[in-house]
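Protein chains: 2
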Amino acid sequence: MSADNQQERLDSKWIVGFVDGEGCFHVSINKLQKMTLHCQVLPEFRVVQHQRDEKILYKIQRYFGFGKVTRNHDDRKEFRVRGIKNLNKIVKFFKKYPLKTSKQKNFELFSEIIQLMNKKKHLTKEGLQKIAKLSSQMNRKSRMLESSETIRQNSSE
Amino acid sequence: MSADNQQERLDSKWIVGFVDGEGCFHVSINKLQKMTLHCQVLPEFRVVQHQRDEKILYKIQRYFGFGKVTRNHDDRKEFRVRGIKNLNKIVKFFKKYPLKTSKQKNFELFSEIIQLMNKKKHLTKEGLQKIAKLSSQMNRKSRMLESSETIRQNSSE
Chain A
27 MSADNQQERL
37 DSKWIVGFVD
47 GEGCFHVSIN
57 KLQKMTLHCQ
67 VLPEFRVVQH
77 QRDEKILYKI
87 QRYFGFGKVT
97 RNHDDRKEFR
107 VRGIKNLNKI
117 VKFFKKYPLK
127 TSKQKNFELF
137 SEIIQLMNKK
147 KHLTKEGLQK
157 IAKLSSQMNR
167 KSRMLESSET
177 IRQNSSE
Chain B
27 MSADNQQERL
37 DSKWIVGFVD
47 GEGCFHVSIN
57 KLQKMTLHCQ
67 VLPEFRVVQH
77 QRDEKILYKI
87 QRYFGFGKVT
97 RNHDDRKEFR
107 VRGIKNLNKI
117 VKFFKKYPLK
127 TSKQKNFELF
137 SEIIQLMNKK
147 KHLTKEGLQK
157 IAKLSSQMNR
167 KSRMLESSET
177 IRQNSSE
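Going down the list, the protein sequences come from chains A and B. Letter 32 of the first sequence, counting from 1, is numbered 58 in this note's numbering, and no numbers are missing. Letter 45 of the second sequence, counting from 1, is numbered 71 in this note's numbering, and no numbers are missing.
Some clues are possibly wrong.
When chains are identical, the list treats them as one kind, so a pair holds in a single copy or across two.
Cut-off 30 Å, straight-line C-alpha distance, at most; resulting in silico cross-link-like pairs (DSSO-like, lysine-lysine) [stated by the list, open to error]:
no. : residue 1 : residue 2
1   : K159      : K81
2   : K94       : K81
3   : K126      : K81
4   : K60       : K131
5   : K146      : K156
6   : K81       : K147
7   : K115      : K147
8   : K39       : K85
9   : K122      : K57
Source of the hints: derived by calculation from the structure; they are not laboratory data.
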């Protein structure tokens with residue numbers, strides 16, 4: 027590694043601090059006809075920034091050695107990790123260097139889902155139900171808003 | 027320091043990462059009749075979090091040994107440092123451990139304003155103008171919105 031690259035390399039503790047602020051662990055369950063149970067489980071780790079700071083996203087990508095920097099929406103970009111192999115490395119990293127905010131709880135649920143997927147449990151009905159339950163406990167605020175929205179819609183029907 | 031406190035103590039690099047995500051350096055210039063130039067310069071360092079994460083704000087306060095944890099607005103709380111003596115310590119910290127995002131540029135402008143205030147330049151007309159110019163270059167996006175708002179107001183007068 028050149029001296030330049032060494033200087034550029036981020037520190038694990040800085041990454042934890044930045045992810046405590048800006049990171050997101052997310053699991054979506056999408057309907058997909060071609061899957062056995064007609065459902066696809068899509069876990070994802072994301073760090074979103076205004077495009078003026080895309081450089082830092084590339085530095086995070088360089089630190090981990092995988093993941094993709096891509097457009098999030100409008101003037102925002104994201105560093106994104108999908109795929110069980112690399113997500114296992116993300117889980118390993120945050121087990122070694124735990125988050126310090128309440129985001130840690132989300133991470134633990136995320137980690138549990140990844141373990142279930144490692145055991146192919148997402149391909150069984152029971153496993154899928156368990157994953158759906160765990161994922162419903164993640165990022166609670168937005169989910170609660172979503173469900174109150176649903177309730178309002180239902181009650182006005 | 028007890029073993030418990032040692033475990034709880036944050037790391038400088040984690041703080042830099044978290045502030046790169048969630049911190050804010052801000053300087054407001056307020057009209058105040060009792061001041062010599064009828065203006066008060068109010069520099070401030072802030073970290074804002076949802077109240078569910080107020081614990082981490084107290085940990086940051088404990089790390090620095092000064093500053094205040096108080097309500098920001100609605101369900102948000104902030105760790106806030108005001109007062110030139112403590113802000114000099116904040117500047118010293120971020121000179122030792124530089125920020126890695128574009129927030130570093132804001133910090134440099136902030137630091138320059140603090141240096142001018144150390145020399146009491148904010149009590150002179152020229153100094154105040156210089157500070158106003160530097161502060162207008164900080165947090166550009168919101169300030170540009172503010173000034174376009176001002177332009178609209180002026181043009182409609």
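If any of the earlier hints don't hold here, list their numbers in rising order.
-> 4, 6, 9
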